[in-house]
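Asks: Work out the full structure: start from the sequences and follow the hints.
Protein sequence lines correspond, in order, to chains A and B. First residue of the first sequence? That's 11 in the working numbering, and the numbers climb one at a time after it. First residue of the second sequence? That's 11 in the working numbering, and the numbers climb one at a time after it.
Rather than coming from a laboratory, the hints here were simulated on the basis of the structure. Some hints here could point you the wrong way.
[Unchecked claim] Which stretches of chain B does chain A cover? Using the computed rule of at least three CB atoms under 8 angstroms from a CB of chain A, they are:
| hint | stretch |
| --- | --- |
| 1 | 181-188 |
| 2 | 218-227 |
| 3 | 235-243 |
| 4 | 330-336 |
[To be verified] Partial list, derived from the structure: chain A residues whose beta carbon lies under 10 angstroms from chain B:
| hint | residue |
| --- | --- |
| 5 | V175 |
| 6 | R231 |
| 7 | H235 |
| 8 | A238 |
| 9 | W330 |
| 10 | E333 |
| 11 | V334 |
| 12 | E369 |
Positions of the beta carbon are idealized from the N, C-alpha and C atoms, including for glycine.
Number of protein chains: 2
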Amino acid sequence: MTYRPLEISTVTDYIRDTALMGSIFSKDETLVAEDLADGNVNLVFRVSNGTTSKTASVIVKQALPYARAVGESFPMPLKRISVEHHALTVQAQYCPQWVPRVYYYDEDMALMVMEDLNQHVIMRKGMMQQIQYPQFARHLGLFLARTLFYTSDLYCASEVKKQQVSLRINPELCRVTEDLVFTHPFIDHPGNHWNPRLTEEIDEIRTDSPLLAQIMDLKDRFMTHAEALIHGDLHTGSIMLNQHHTAVIDPEFSFYGPMAFDVGSLLGNLAISYVAQGAYGLNTKTVAEYRRWIAESIQTIWTVFSLEFRSLWRTYAHSWKNEVYIDQYLHRLLRESLGFGGVEIIRRIVGLAHTVDLEHITDNEMKTYAEITALRMGRLWIQRSHQLTHIDELVSLMREVAL
Amino acid sequence: MTYRPLEISTVTDYIRDTALMGSIFSKDETLVAEDLADGNVNLVFRVSNGTTSKTASVIVKQALPYARAVGESFPMPLKRISVEHHALTVQAQYCPQWVPRVYYYDEDMALMVMEDLNQHVIMRKGMMQQIQYPQFARHLGLFLARTLFYTSDLYCASEVKKQQVSLRINPELCRVTEDLVFTHPFIDHPGNHWNPRLTEEIDEIRTDSPLLAQIMDLKDRFMTHAEALIHGDLHTGSIMLNQHHTAVIDPEFSFYGPMAFDVGSLLGNLAISYVAQGAYGLNTKTVAEYRRWIAESIQTIWTVFSLEFRSLWRTYAHSWKNEVYIDQYLHRLLRESLGFGGVEIIRRIVGLAHTVDLEHITDNEMKTYAEITALRMGRLWIQRSHQLTHIDELVSLMREVAL
Numbered sequence: 011m012t013y014r015p016l017e018i019s020t021v022t023d024y025i026r027d028t029a030l031m032g033s034i035f036s037k038d039e040t041l042v043a044e045d046l047a048d049g050n051v052n053l054v055f056r057v058s059n060g061t062t063s064k065t066a067s068v069i070v071k072q073a074l075p076y077a078r079a080v081g082e083s084f085p086m087p088l089k090r091i092s093v094e095h096h097a098l099t100v101q102a103q104y105c106p107q108w109v110p111r112v113y114y115y116d117e118d119m120a121l122m123v124m125e126d127l128n129q130h131v132i133m134r135k136g137m138m139q140q141i142q143y144p145q146f147a148r149h150l151g152l153f154l155a156r157t158l159f160y161t162s163d164l165y166c167a168s169e170v171k172k173q174q175v176s177l178r179i180n181p182e183l184c185r186v187t188e189d190l191v192f193t194h195p196f197i198d199h200p201g202n203h204w205n206p207r208l209t210e211e212i213d214e215i216r217t218d219s220p221l222l223a224q225i226m227d228l229k230d231r232f233m234t235h236a237e238a239l240i241h242g243d244l245h246t247g248s249i250m251l252n253q254h255h256t257a258v259i260d261p262e263f264s265f266y267g268p269m270a271f272d273v274g275s276l277l278g279n280l281a282i283s284y285v286a287q288g289a290y291g292l293n294t295k296t297v298a299e300y301r302r303w304i305a306e307s308i309q310t311i312w313t314v315f316s317l318e319f320r321s322l323w324r325t326y327a328h329s330w331k332n333e334v335y336i337d338q339y340l341h342r343l344l345r346e347s348l349g350f351g352g353v354e355i356i357r358r359i360v361g362l363a364h365t366v367d368l369e370h371i372t373d374n375e376m377k378t379y380a381e382i383t384a385l386r387m388g389r390l391w392i393q394r395s396h397q398l399t400h401i402d403e404l405v406s407l408m409r410e411v412a413l
Numbered sequence: 011m012t013y014r015p016l017e018i019s020t021v022t023d024y025i026r027d028t029a030l031m032g033s034i035f036s037k038d039e040t041l042v043a044e045d046l047a048d049g050n051v052n053l054v055f056r057v058s059n060g061t062t063s064k065t066a067s068v069i070v071k072q073a074l075p076y077a078r079a080v081g082e083s084f085p086m087p088l089k090r091i092s093v094e095h096h097a098l099t100v101q102a103q104y105c106p107q108w109v110p111r112v113y114y115y116d117e118d119m120a121l122m123v124m125e126d127l128n129q130h131v132i133m134r135k136g137m138m139q140q141i142q143y144p145q146f147a148r149h150l151g152l153f154l155a156r157t158l159f160y161t162s163d164l165y166c167a168s169e170v171k172k173q174q175v176s177l178r179i180n181p182e183l184c185r186v187t188e189d190l191v192f193t194h195p196f197i198d199h200p201g202n203h204w205n206p207r208l209t210e211e212i213d214e215i216r217t218d219s220p221l222l223a224q225i226m227d228l229k230d231r232f233m234t235h236a237e238a239l240i241h242g243d244l245h246t247g248s249i250m251l252n253q254h255h256t257a258v259i260d261p262e263f264s265f266y267g268p269m270a271f272d273v274g275s276l277l278g279n280l281a282i283s284y285v286a287q288g289a290y291g292l293n294t295k296t297v298a299e300y301r302r303w304i305a306e307s308i309q310t311i312w313t314v315f316s317l318e319f320r321s322l323w324r325t326y327a328h329s330w331k332n333e334v335y336i337d338q339y340l341h342r343l344l345r346e347s348l349g350f351g352g353v354e355i356i357r358r359i360v361g362l363a364h365t366v367d368l369e370h371i372t373d374n375e376m377k378t379y380a381e382i383t384a385l386r387m388g389r390l391w392i393q394r395s396h397q398l399t400h401i402d403e404l405v406s407l408m409r410e411v412a413l
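Replies: As structure tokens, then:
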């Protein structure tokens, strides 16, 4: 079948021609479609067998040859669905409980039919309502440890891993990250936009040569360190969850890159929410309580991650058995994560793609204060990334900056 | 044409069927072949138009599906000739004066016909005769700076470089390096062999956990850091030269790897010669003088390399303009080079492939002393690689250890 973008009027006909009729859906039942697209780049539909009393539903995700939110001026390769499909397949091998199931994959149509996570919400939105997710930190710590360890040279045969590195290059989407995360926010570029009251703070960042050198070093690591098959875009908008379950979605930026980029992106986005909580007009106790939960989550993610990673290492990494090296490796990952996290925080305020955590603050005074705090946090994370030795220091740092 | 290994009796017929008759050679002249193979892995013939008064000659290098010196039990892919051919092509783009010309390439026969460097000697052998090469250090400094800079993300477009990384993986030969350089020498492995009087020294290395952790870190960098198209086997046996010209040969181990691996391999092999000079039974003055030349060469290689690299960076690396970062980058390369060099020194005494610099020492007392000195040197290079800030410190270190 040649590629054509689906529409709400054609997606049910498409599904009716697949083997999903007779597996997910009964052979002859009537299907109903909803348009769900609210991300930046893809078409997303829900197809179900009823409007009120549906008993079965799926998500249809289809790539467009450009970013939906920007338009045809921002071309993106259709092949990103195959990148996402492959990453979901690998992640499902090691963490089936934390990724959506894929029911159907159509490479020509650049389309996947996936599990409908309709009992889950996007984490970023849940955090804007101060919802605590008691399982989240443990799940993400394990997800990170397993997906990163099992796809690295610590576990894989040398030749197999090199073939995978070669097959899984993702030049177009890596380029998006290189530009939007590591480059444009730190120079004059038309894609950037920010609250004009931050200009002084941003000028200071852009003229701080040692800071910019550290950011270049992180960009170099992103571009050259093929450590593991990383998610590549692991922010709180790529996590859907509820009190019991957690699912990591949207790995279309996946490629063999530095492990700490995933860890850092996640921690950086948690820190943005941490800062933003103070600007939602909530009472002090609520803010303090939710911040405490975020801080604990950060500690738990790292603790669970490093325990699981160490345990997998001791069990499987036969050529790398050396306790001194394991310790150094984990320390390096922690320091690099802090660096990547700091860049993520800054680019979400200065660059093209902002976060709703900060953007929906209506009081301009409060918004400016939160954004300046976040910029300072990002900067400090990068600066301290050379000396951090324990995750608790990161949490203390967050408390100090947010006060 | 299907692959068949050439022999001294068939190589001239092979050449007669190529377009080289009429370019390098005259149409109907008689060709004579010599068998030159003295490396470990390939067939090498010289084909010329006469035995005594030859006016034209070429080198025919053909891969075998296994390592010649070891036999069929050590399989090596024929594809390594295409790796070498590609690397020579890229190097010739930036350093035509320092690589042999390729006249003819036959992929099916896994064969290249190349410039006959019959006015040059293998550097390792020249150094065993205390020959000083006044141009060598400057040539190698420039060769390293140009081949590494121009194939890195500092110069190449992000997407182009990633495609190249993917095309140029070299899993089988990288595996040889991972095993023979970074792994086997530090564990019990049947491929290792050494002077039995070194056993105590080697046991000490193999039980030094912090040292082994540093070696693992270097192995991890070798396996994951796709910085530039490196030569991959740049020792003094891969350099042919005379007083005026220098040629870097045999890049069949080439792939996108850490820049410092090339620099470190070269410096490590120079250090082996430095140590070995003391055991050749020469008079003290000759030893001191040649050692001084080696030490100056090491300083010059690094100085020329870093000046040229910095100058290319300032001219072409538009997205990476930051003097603080350039300094940090070059410091990192120096420290990593020291680490890789240290591993190279040790593996040449403990592992499968030794060097003739040390192996041809006939006095067992002297040989043992030189090998112990080299092992200590290798160990110190690795240990000091975290703190080195200037090439002069390396040279002082060499002087101290060799005394």
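Asks: Look at each hint and say if it fits the structure.
Replies: Hint check results:
1. 181-188: It holds: at least three residues are needed, and the stretch 181-188 of chain B offers 5 whose Cβ sits within less than 8 angstroms of chain A.
2. 218-227: Result for this restraint: holds, n = 6.
3. 235-243: holds (count 3)
4. 330-336: holds (count 5)
5. V175: holds (7 angstroms)
6. R231: holds (9 angstroms)
7. H235: holds (5 angstroms)
8. A238: Status holds, d = 9 angstroms.
9. W330: Holds. Min distance 6 angstroms.
10. E333: With Cβ-Cβ at 7 angstroms, under 10 angstroms, it holds.
11. V334: Check passed: Cβ of A/V334 comes within 4 angstroms of chain B, closer than 10 angstroms.
12. E369: Status violated, d = 28 angstroms.
Checked against the numbered hints above, the structure breaks only hint 12 and satisfies the rest.
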